[in-house]
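A.B. asks: Chain by chain, the residues:
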Amino acid sequence: MTTACKGFLDEQFLQLEELQDDANPNFVEEVVTLYYRDSARLILNIEQALERNPLDFNKLDSLMHQFKGSSSSIGAKKVKAECTLFREYCRAGNGEGCIRTFQQLKKEYATLKKKLEAYFQLARQVGPAETACRPK
Amino acid sequence: MMDNGFSSPRKDAFPVGLRVLVVDDDPTWLKILEKMLRKCSYEVTTCGLARDALHLLRERKDGYDIVISDVNMPDMDGFKLLEHVGLEMDLPVIMMSVDGETSQVMKGVQHGACDYLLKPIRMKELRNIWQHVLRKKINEVRDIEILEGMESIQMARNGLDQSNDGHLLCGEDLTSVKKRKDVESKHDDKDPGDNSSTKKARVVWSVDLHQKFVEAVNQIGFDKVGPKKILDLMNVPWLTRENVASHLQKYRLYLSRLQKENDTKISVGGIKHSDSPLGDSANSFGTQNSINIQQNDVSSRSCGFSGNSLLVQNVEPRSHDNDRKGIVSKIVAEPKRALTVEVPDPHKPRSSQMEFGHSLTSSASEVNYAEYDSNFPTKFSWWEIPQSRLKQEQKPLHLDDGFSHLTWPGKQQHIQVDYPQPAPPIISGSSVTGRGMGGSVKIKPLYDECRKNGSQVSSTESTIEASHVQTKTYKVNHQTFEPISTNTSSLKNQASNLRCISDLESAQKNINWGMSPFATLDDDFQVRWVQGDCYAMNLGLENIDFPEYFDRGLLADVPTHLYDAVSFDYQNLYDPTECSLIEQGLFIA
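Chains A and B are the protein sequences, given in the same order.
Residue 136 in full-length UniProt numbering sits at position 136 of the first sequence, with consecutive numbering throughout.
Residue 575 in full-length UniProt numbering sits at position 575 of the second sequence, with consecutive numbering throughout.
In case anyone wonders, no lab produced these hints; they're calculated from the structure.
Every residue, glycine too, gets a C-beta built ideally from N, C-alpha and C.
Do not take every clue at face value.
[Stated by the list, open to error] Result set (BS3-like, lysine-lysine): computed pairs, CA atoms no more than 25 Å apart in a straight line:
id : chain 1 : residue 1 : chain 2 : residue 2
1  : B       : Lys-136   : A       : Lys-77
2  : A       : Lys-6     : B       : Lys-228
3  : B       : Lys-229   : A       : Lys-77
4  : B       : Lys-124   : A       : Lys-113
5  : A       : Lys-115   : A       : Lys-6
6  : B       : Lys-124   : A       : Lys-77
7  : A       : Lys-113   : B       : Lys-107
8  : B       : Lys-31    : A       : Lys-78
9  : B       : Lys-107   : A       : Lys-114
10 : A       : Lys-6     : A       : Lys-59
11 : A       : Lys-59    : B       : Lys-35
[As the list claims (entries may be wrong)] Just some of the chain B residues that point at chain A, by a computed CB distance under 10 Å:
id : residue
12 : Lys-35
13 : Met-36
14 : Asp-70
15 : Arg-135
16 : Lys-136
17 : Gly-221
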């Protein structure tokens, strides 16, 4: 985990790195790619659900639950935090809060993506040895 | 770890090669989990859909050791899948979710999940999942034993007196079971009245009810059963799907255990049928390794106590046609080992059956246990002892045909065996076959004890069924009991009982347990019978000191699910004061 990603990723990311081995030398990148591909679909679903009127909070909560689960797979810390907040607003029936939180969530989501892309690019350039260096 | 016929035999030491099926609609997690599990040296199969998972599981019944599933999935609720897996395959299931809310976790546990993991999941959590597999196996053995015990008791009970509310169950066990039951709130149905003796607030799986259940199962086809279908076929208005579901689970478990036992036992050396008046059935029984009979034999009710000592195998359906006598004798003849019951031919087929039932039960149970003992690190120490003995003397009992339809004629249902304890093989039955069986029947003391304890053996069958989710073997077991119970239940009059008793008495004389702790049936037993008292079956166990066998822990540990399905009316069943024997760990079935 690069220092640039600090705060954005939790121990789960470390675990992923530990899982990477000779059999799966690009494991982490594969997982992250898979995450972004799958979660894009979920984000779209949530967006559509947020356009409904009135808002179906149960549905929103359920969708967000899925998204949160997915985000936990790569250790997307900040994204997860927004997910939790979103769900709280759902439970409170606060549509405004949901919409606001979702915007924030998307920002975090995009930011993380960029950072990870940079990280992998760097890893490729620098070579496996460097990448293997994990923060304490 | 025991090899239970996995399709892919493991060469390495357990838990290496543990076959895990992972179900999760999230592809990212699926990938991660697969990698993690591979790192644990497990064999992993992934599934993105619950229905695919079920399909895979059904295709290869013994293809997996454990299932890990997410709670929230689009095509099917994770809890539903959990239920299916439990009922049909009886595999340990671990639930996963990013949501750790207590209510959800509780729901998981209630539905039978072995564990509930929170995402993100750590490697160390996955490394330990093999414990669930092991634990389940151990519990299965126990459950079967219990069921067997229950059945024996039930049969004995039925035989003893139909109208009698003798409570065979040991008070201690009963109370423990009872407590467990009290905690459960699953049973909301009423006893239809099959079991006379008690006020039932819960579903009591009486002989009749169980019989209906088995018939429904047979009709549907064991492989295709589902609680709903069974419920529909049974046509019992007050019964709920849940009741049937849990009962089915136990039944399967029971059957599969019998099956496994049978398999193992057969391989161990088969059963030598010294004399098998029983004829082929018996022999076939013995040689029948896989009790897949279960599958086909649901109707034939073979008692498949496969395995080492007692192969009580319900021989074939054809025997059903035979009158009970035939069956009885068959059974008697069969078990070469352990139970040589020389019960003089009971006057009536029924009576013989009754005894027979007992012995069968016991022997079966013993046999089973013996077998398990060798295979499982169970704590039933006392099984171990008999095991060796049983091996020598027991012959497979073919509890048969008559039993197949759980149609206990007499509807005596109320034999509620709630023994939480593993049923030590109730050898009593085996030789009871009595008709000319040269064997000596060792009526299991348990049997008596059951009586003594006055616990009610309520459809042991049901219990047995209940705990046996696994289809195969359980059937066998079940069946064996059935006839017996039927017989017993049909004995409506004291006279019959008396006859039985007297027969039993003689049988007792000949009974040699082969296990020292089990005293041969003594007069106690007889006397009781005469009195039409359930306790008659008390084989004078009081004198027997079974400290070594008794593992109280066992009693206390009856897995709840075992009792879930069958809501025995514990209150009425247990008479704490009378369960001394039971307490000794004698499982009187």
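A.B. asks: Please go over all the hints and tell whether each is borne out by the structure.
C.D. replies: Comparing the hints with the structure gives:
For the proposed pair Lys-136 of chain B and Lys-77 of chain A, the alpha carbon gap of about 37 Å is over 25 Å, so the pair is violated. Between Lys-6 of chain A and Lys-228 of chain B the CA atoms are separated by roughly 53 Å; this puts the pair beyond 25 Å, and the hint is violated. In summary, the hint linking Lys-229 of chain B to Lys-77 of chain A is not supported, as the alpha carbons are separated by about 47 Å, beyond the 25 Å threshold. Of the pairs offered as hints, the one joining Lys-124 of chain B and Lys-113 of chain A is violated, with about 28 Å between alpha carbons and a cut-off of 25 Å exceeded.
Distance check on the hinted pair: Lys-115 of chain A and Lys-6 of chain A sit about 10 Å apart at the alpha-carbon level, within 25 Å; holds. For a cut-off of 25 Å, the pair hint linking Lys-124 of chain B to Lys-77 of chain A stands: about 21 Å separates their Cα positions. For the hint pairing Lys-113 of chain A with Lys-107 of chain B, the CA-to-CA distance comes to about 36 Å; that exceeds 25 Å, so the pair is violated. With a C-alpha separation of about 22 Å, the suggested pairing of Lys-31 of chain B with Lys-78 of chain A holds against the 25 Å cut-off.
Of the supplied pair hints, the one linking Lys-107 of chain B and Lys-114 of chain A is violated, its CA atoms being roughly 39 Å apart against a limit of 25 Å. A C-alpha spacing of about 32 Å is found between Lys-6 of chain A and Lys-59 of chain A, which places the hinted pair above 25 Å, so the restraint is violated. With a C-alpha separation of about 32 Å, the suggested pairing of Lys-59 of chain A with Lys-35 of chain B is violated against the 25 Å cut-off. With a cut of 10 Å, the hint placing Lys-35 of chain B at the interface with chain A holds, because the nearest CB-to-CB distance is about 5 Å.
With 10 Å as the threshold, the beta carbon of Met-36 of chain B comes within range of chain A, its nearest partner Cβ sitting at about 6 Å, so the hint holds. Taken as an interface hint, Asp-70 of chain B checks out: its beta carbon lies about 8 Å from the nearest beta carbon of chain A, inside 10 Å. Annotation: interface hint on Arg-135 of chain B violated; nearest CB of chain A at approximately 26 Å, more than 10 Å. For Lys-136 of chain B, the shortest C-beta to C-beta distance to chain A is roughly 27 Å, which exceeds 10 Å, and the interface hint is violated.
A distance limit of 10 Å between C-beta atoms decides the matter here; for Gly-221 of chain B the minimum to chain A is near 37 Å, and the interface restraint is violated.
Violated hints, listed in ascending order, are 1, 2, 3, 4, 7, 9, 10, 11, 15, 16 and 17; each of the other numbered hints is respected by the structure.
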